[in-house]
Amino acid sequence: MNEFVETLLELTWHEPKSSYDVVIIGGGGHGLATAYYLATRHGITNVAVIEADYIGSGNSGRNTTIIRANYGIPESIRFYNHSVDLYRNLEAETGCRIMHANKGLIWMAHTESGMRAERSRVQLNNACGVETVLVDPIEIKRLCPQVDLTGGGRYPVLGASFHVPGSTARHDRVVWAYAQGAMHRGVHVLQGTSVTGLLRDGDRVVGVKTSRGDISAGIVMSAVGGDVSTIAAHAGLRLPVRTHPLQAFVTNGYAQGLGPIVSSTDLLCYVSQTARGQMLIGHEFERESSYSRQSSFQFLQSCSLKMAYLLPFVRNLKILRQWTGRCDISADFSPIMGFTGVEGLVITTGWGTWGFKGIPAGGEQMAELIATGRTPDLIAPFALSRFAADHPMADQGSTGTR
Amino acid sequence: MRAPDALIGLRVVAKPAALDAVAAPDGRPKTWTMLRIAPDDAIVTGTATLTVDDPFAIVEPEYAFVHWRLTTAEFDGIKRHIEWPLPAPGVLGQGLIAGVAAKVVIASDHVLLIVSASLADELMDRLW
Amino acid sequence: MRIVVDEQPIEYAEGDSVAVAIVRADQHPQHGGALCLAGDCGNCCAEIDGVAFTRTCLTAARPGLRVNRHPAVGAPPLHPDPPVNPVASPNHVASTVQRERADVVVIGAGESGTAAASAARAEGRAVTVLAGELGHDVVGVYPGPLVIVRLADGDMLHVHAHDVVIATGAAELHPVCDGNMLRGIFTAGAAEKLSATGVDLGMVATVELEQLRSIEGSDGHVTGVVTADGTSTPCHSLIVTSRHTSPRDLLARMVSDPHVHAAGAAGAHFELPPCPTTGVVCACSKVTVDDLQMVWDKGFQHLELIKRASLCGTGTCQGGACMPHLRAFVTAKSGQAAAPFTGRPASRQLTIGEAAADMHLDPFRRTALHDEHIALGARMDRFGGWWRPWNYGDYLDEYWAVREGVSLGDVSTLGKMIVSGPDVVEALERIYPTTIHDIRPGRSRYVLLLNERGHLIDDGMVCRETSVDGTDRFVLTFTSGGASFAEAWIRDWIESWGLDVHVLDRTLALSAINVTGPLASELLRRVGLDEPPRFLQHVHADVAGVPCHVLRLSFTGEASFELHHPRIHSVELWQALMAAGSDLGVRPHGLQALFALRLEKGHVIVGMDTEMDSTPRRLNMDWAVKLDKPNFIGRTALLRTADLDDRRRLFGMTMDGPAPVEGAPIWVDGQIVGHVTSSFHSPGLGKTVMLGWQKHTPFADTVTIDDRPALVTHPPFYDAEGARARA
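Protein chains in written order, with this note's numbering: chain V, 100 to 501; chain Y, 62 to 189; chain R, 12 to 738.
Since the hints were derived computationally from the structure, they do not count as laboratory data.
Ideal placement from N, C-alpha and C gives every residue a C-beta, glycine not left out.
Not one of these hints is a red herring.
Keeping only pairs whose Cα atoms sit at most 27 Å apart, straight-line, the calculated DSS-like set for lysine-lysine is:
no. : chain 1 : residue 1 : chain 2 : residue 2
1   : Y       : Lys76     : Y       : Lys91
2   : R       : Lys344    : V       : Lys116
3   : R       : Lys309    : V       : Lys116
4   : R       : Lys637    : R       : Lys706
5   : V       : Lys308    : V       : Lys116
6   : R       : Lys309    : R       : Lys297
Residues of chain R clear of chain V, computed beta-carbon distances all greater than 12 Å:
no. : residue
7   : Ala181
8   : Gly509
9   : Asp511
Just chain V, with the same shape it has in the complex:
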């Protein structure tokens, strides 16, 4: 047995019922976390989570497992900081080993405009109670001796912001922890079940049509990633969301050696070393929108080169696996959470490349919204209605995208 075989968790499966108080479409992190918090915080357990494939098969099982709150607008900093706090306590709360590791995140800049962005990030993070400090090249070298401060002679490192709470956790285990916690309290998780439509009573959504029959629901939540536009269309809803592929790759496992998470604001790429010793590497999402999950060699080439510039030791590491997820990107690069204007349908989407970070807070807040019928203050700025009201939440610069 290797030390990473899951030994604690136990998943319990059920046959579908014809009716639930709450039906959640999408058995990824957000859907399962919402079910978990409905059960644990609000005592609502007559809940089904419907998953087309297997739990965590979408972006929850394809992300690069980084947890951070170093965003560029106060609303996002506060939301993700709450998520950072919930993640920190998740092992204690659920008894599951999610392999949470606080490593710190170095976000390096190679130009004056990059430095300007990092100075700004530090200012606003601290004002919102998030510990992010500006570090000079000497300090960067102390935090991560492997960094080549010349950037391969092409991208000299001028400085960085260091986000102290930056962490990682094993993505699958987060999904399973929430799934187990929900299942053990009576939530039904239905794998291999596709949602093919929504049941309507007039304008109101009253359930879902599935590949295993109709299921009625007091309220339906979409926590779908990648295909959210299709689900929304069943309710006559158009969302300001486009889907873009996002690629990543991982090397074989090596002895531990890379301490912090290392990222570059100018090159838009990042790396962390997993508990298994693998280097987990990614960069920004693809410019062209697409539903494709094909991996490209061009991505591997450019991302590998960026990494070789920043951390020359990686060039002798062997690439183990490469994969692609699908990101729903909203018009202002911030997530969309809350009521939709369609009775009986609430939504959590637009999670782009930052869905994993938002799982605990997103689930907790959506559960509160469903249980109380009111939008909690923390997610009020992220309502879908912000687009029609022209109150956008633009934060492109902090999303690791450009």
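Based on the hints, put chains Y and R in the right spot on chain V.
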């Protein structure tokens, strides 16, 4: 590698038909060379003036590019940096060479390699 | 001839792979497990010349080759960097890439590969055959299709193909039973190879995989084998044969492309082996049958969930050895045939260095004055895709030169475009939110560029040329960073409207020098510009003998003349201006001084002070938008939002004391209402001036920044009447 030379010529933007007429003047021998960048856009070398049958044509001296006249052997040495199919002889080919936007024209005994002057140093660093 | 394994020399024979050499010495390249010597499993991987997870069975032995076995427990070490010479090896990458094109690439030179190649050749197609015995290590097939190959000399080969035929055959099965991680176990194919090279395997037992019950051993090495009927046979080496095989279809599973086909055994249907009951299933990740059973019992009852919960199949060989057994396990437990998971570039892994070979990131452009700046001591910075001078030492000296004397700025990077044609006024009226038709020849106007959402994406000038032959022509300028986008934007719109307009981008053909300061006119007179244009006029004139398009405007707040001129004459023009103005104290200024100077005038920089959703109203720039025009890009959005409650606005602010950091939060009543976008402690004004966002209403007149009060004002902070710019 030696430094490149400025590409001296005219840049002409005009209706495609007007450019076609310039490219193949009827009866008269052609004294210039046209590099057709797009249907309505060309670089013309070998002449200081040009008559184009389009009242709105934009005809300006071109300063943006430099070029190397490479021997076939020199060009063979950089071919591996070109991922796209090479153009037929005499036809302008455009694409990335070592990640830099460039143009090539293959002649019988030499190859013209053309690049924006602003990127010439970078291309030299990458190729040679 | 010798190689060095774990610091100990080992003799090898001519033609040996590293794995064969090690077995010849009665050792094992790792710490145990069956060897296939065909590149399918991960059981022979070791660190070779500093690269861990290298298949010793595919690496030829050569004198002095250094092999380090991976540790028995834990992962191989990360090595610190060898010294890097960024000049000699800017990419930090040693290998180079060869590129080829082919109609058909056939991977594999066995029976089915040879047949596929002959068939394609018979159709007159150009065929490239890639095979291990030809020195090709095919590491991946990508969309395109693009085939990535490692060559024997360490170089890479990228082959673009119309069709790819994967004819990689079938792999032998590895035994899964108690004792299967001992040393001394070989597949039949491996044993054949070893005997052909004269390796003595000692006392050998040969057992069919289906008949295998357990393997016995001591000190980690095989000592005997027990078969299904309970018979125990002592041996030194065990050869495992099987009537089952598994397709080597990993490359085919990497990409879903109608032009990638599997042929022969690699594409054939295979019968799964019996469900394993004991032993190690996944040697790479050390997963036993008991582990699979445990996660199954805990509810992980989907092949992907089992993989993720146990890590079975996630190691070096990516399921190459364990996949048939894992599928057999899941199929037996669930009663449903389990499909394999997606193939990845796997059994022939690339290093990151090999993946990056001959790759380049976006280049950065240099202006014609690059070397002049370096000679003047400039610190160059990358900005908007260009190398630009950040400062030449002390940016405040540069600031004073502009305010009190004359200074040169290299603004060659500005976007410049000529547009002409019968529909040119109509096109510009639709592109820009301000009126264009009333710009008189020889005059220019500041313009915003909006997208369909009414958000500011760029700004610049529209200059109407004096017509020589009755045709209308304009010169447009754009920001340095926005130029390439703006060109595509304008072309796309003109084409989609079907308007008759010619477009010529002049950004790279023309350089530009900004001559700015109260003595700018004087300097220009000295170099032959007797009648410099008046504010917002533009003329074509020779300056120091160089033909220039002279635009009179002002970004710095002082009289400014942009000299647009042929790139090839930049250095002579720059040097003439520097020489003619030496007694005036002329000196160049960089971006740092420019940002400070324009801030005193309250000019926004798109992308620095603006956000991706900044409308003109939010920037107090409604004056540059004529909503009563019939149509322009963004008008619909601006009309829709005009009556909505708007909660954000960019303001000017002043305060005493040092400038807050750009990005500093702006507080009102203990709440963050926005942040500072630009700040500068102005020595000329004796106070700090700022631009920044308030995103809460009602907008406050006084705010707190850095625990100090700041007054909210409307810029400009300097020369509000614009007298100096017009002087």
